[in-house]
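Residue numbers (the working numbering), protein chains in the order written: chain G, 1 to 429; chain A, 1001 to 1211.
Any given hint might turn out to be false.
Some, not all, of what chain G presents toward chain A, calculated at C-beta under 7 Å [stated by the list, open to error]:
| # | residue |
| --- | --- |
| 1 | 27 |
| 2 | 28 |
| 3 | 74 |
| 4 | 130 |
| 5 | 387 |
I should point out that these hints are in silico values taken from the structure, not numbers from a laboratory. No residue lacks a Cβ here, since even glycine has one placed at the ideal position from N, Cα and C.
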Amino acid sequence: MESLKKFRKFLMPFFIFLVVAWIYCLYSGVQASEEAQKMAAEAQKAAAQGAVAAKAAAGAQACNVLLNDDLGLKGKLGKIIAKTPVCTPTCTTGCIDPNAPKGYLGIPGGPKPSPIGGLLWAIWVGWIFSTVGAFGGIMAGVGHITIFGLANFAKSFKKTNPALNKFLTDTIRVSNMFLVGLSALVSAVNYWKMKRIVWPLAIALAVGAVGGAFGIAELTAGKISLKAYIGYFGLAVFAVAGFMFYGTTERARAKRKAAREAAKRFEEAAKKGDAADGVKVVSFGLTNCVFTFYGVEFRFNPLLAAFGGLVIATIAVFLGIGGGFLLVPFMTDIVKLPMFIVAGTSAFVVLIKMIMGICTYMLLKGVQVWWPLIGTELVGIFIGSMIGPRTQKYIPDIWLKRLFVVLAIYVGLRYTSKGFLGKSIVPPY
Amino acid sequence: MYTHWLVYLDKIFLPFYQLLSDPVLAYFLGTFLLAIICVIIGEFLVGIAFYANRNYVKKLTNDLVHWNNLSVEAVKKGDTEAYHTFNKEANDVYGKLFFLTIAHSAAFLVPIPFVLAWMQFRFGGIEFPLPFIVPGVGASVSYIFTFVVLYLPSYWLFKKIKHKLPLFKDFDRIMRESSEVVKEMKSLADILEEKIKASKARHKNIMQQKA
Chain G
1 MESLKKFRKF
11 LMPFFIFLVV
21 AWIYCLYSGV
31 QASEEAQKMA
41 AEAQKAAAQG
51 AVAAKAAAGA
61 QACNVLLNDD
71 LGLKGKLGKI
81 IAKTPVCTPT
91 CTTGCIDPNA
101 PKGYLGIPGG
111 PKPSPIGGLL
121 WAIWVGWIFS
131 TVGAFGGIMA
141 GVGHITIFGL
151 ANFAKSFKKT
161 NPALNKFLTD
171 TIRVSNMFLV
181 GLSALVSAVN
191 YWKMKRIVWP
201 LAIALAVGAV
211 GGAFGIAELT
221 AGKISLKAYI
231 GYFGLAVFAV
241 AGFMFYGTTE
251 RARAKRKAAR
261 EAAKRFEEAA
271 KKGDAADGVK
281 VVSFGLTNCV
291 FTFYGVEFRF
301 NPLLAAFGGL
311 VIATIAVFLG
321 IGGGFLLVPF
331 MTDIVKLPMF
341 IVAGTSAFVV
351 LIKMIMGICT
361 YMLLKGVQVW
371 WPLIGTELVG
381 IFIGSMIGPR
391 TQKYIPDIWL
401 KRLFVVLAIY
411 VGLRYTSKGF
421 LGKSIVPPY
Chain A
1001 MYTHWLVYLD
1011 KIFLPFYQLL
1021 SDPVLAYFLG
1031 TFLLAIICVI
1041 IGEFLVGIAF
1051 YANRNYVKKL
1061 TNDLVHWNNL
1071 SVEAVKKGDT
1081 EAYHTFNKEA
1091 NDVYGKLFFL
1101 TIAHSAAFLV
1111 PIPFVLAWMQ
1121 FRFGGIEFPL
1131 PFIVPGVGAS
1141 VSYIFTFVVL
1151 YLPSYWLFKK
1161 IKHKLPLFKD
1171 FDRIMRESSE
1181 VVKEMKSLAD
1191 ILEEKIKASK
1201 ARHKNIMQQK
1211 A
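With the rest of the complex left out, here is chain G (with noise of 0.2 Å):
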């Protein structure tokens, strides 16, 4: 541990030293060989040529004339554009009009979320996460699928350009994503710093959030349809709305005046007695240690640890959301770890996942987040957070909980009925 910490100190030094390095290689004119120039350009060839066959295909239906332009939108997008139909008067619907003002990633004709409506939401979600807490990432996730209309237009491309809903579903997932996992990634770095961290626990759920977090964004990205991941993050919000209902009923807040009496009970008596013995192993395997540190019970299942961070990052990056809601409750409910354990793991955790999912995401697969969404939103959320502390005091936490698990059940009913159904069990229909 020591010589890590010596090396830490190299590490920036190391990394700028790097920088600089390639930036001279940029000014001297160094680049990667030109061999593999000409492969890049004969891939490129080799997907217009598929464009045109796509094109030909294309022509037996009624939105039958394409862009064949990628209307100066870079990478991936472009590229999808270019096969989307043109807006006719026969052709109204899943087609772009190449005149029409800009919006969403730029898209002529692509929902212009206002500012004014995207800062109110965000302030909302910032509002959540500061007096609730978990259920601000699925608020953050209903902004983006409803509220601001991207749902609605990626729906439309679903019959004229499939290819097209599904990398505007990847950019949904994406912007949740960024919303809640670059917040993780600064707040792990800077502001929560606890004493221990178990690190052969935090290994063993980080590899599992890697391996998730990077084979599902590997092998769904360009393949959810916007239909499809409705429906499961409407799962999701039933799941979340399950936990907060438990924390409303009487047996959970029972439990609650139990511990604040036992508490009371227990510093009274804190100073008598003697203390218990240390660590007694009771029973060691692969998939089950349980041992007793002084005289109190702890289990430790290694690959539980590991398959648990694998499906939570799994979920996570599947939806787009931070998984907050499942790996705490993971942690202290099913593996009952001590709490300064779970402090440094689950900050860990979900950094390391959000991390693994953009970058699949953005540099692997292509997909794109529109930077003024983000950053509207990304204010907003700085509002709500010094709101919510000084409405907290005034609504108890019960009420709140109450009122989350009612709109989590609704949100929950129309996006699982959109998904899988069709259409929406819920008004509006």
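Put chain A on the given structure of chain G with help from the hints.
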């Protein structure tokens, strides 16, 4: 409407890219200066957020330490039921503090998307060749990569001088004060260390007696 403010940002940001004549060096210097501005504005905003919420953060942190220390004392007493009860309360409070910290962190990131939006407007089509091919990434990178690799060193440099700057050292002091109580947090490893120390002292006594 977004295009209009991009034009305004153009007037503000473009002069940073016109300081040198060589285009490559001018681009990287300009991006580095933008990154520093993002760090300064981000640190300022997070300081404001923390200042506004300092009492609430202090309350949550006090609760966290209180429940955690109770759980450690429960372990010392060998009381499993009390430990799980207090530990759960501590985890619940930690959950609230975690998400509040995430909301504060959003303040730190506020300037970045606006800068990246402008960079996409100006440099979106430019590919920056790498000296070698990176599997999965290719032979070139975009404006995002160049911003990130310059943002990290500018953050590191700013951290070195932050404690000397007038407003930022006050924000730093407030953040440190609100987390002072964390030093009182006990951990299970402390109990083990006490036992190990006691055991070593006993062993030393035995050796001295034998000698």
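Hints the structure violates: just list their numbers, smallest first.
-> Per hint list: 2 and 5 violated.
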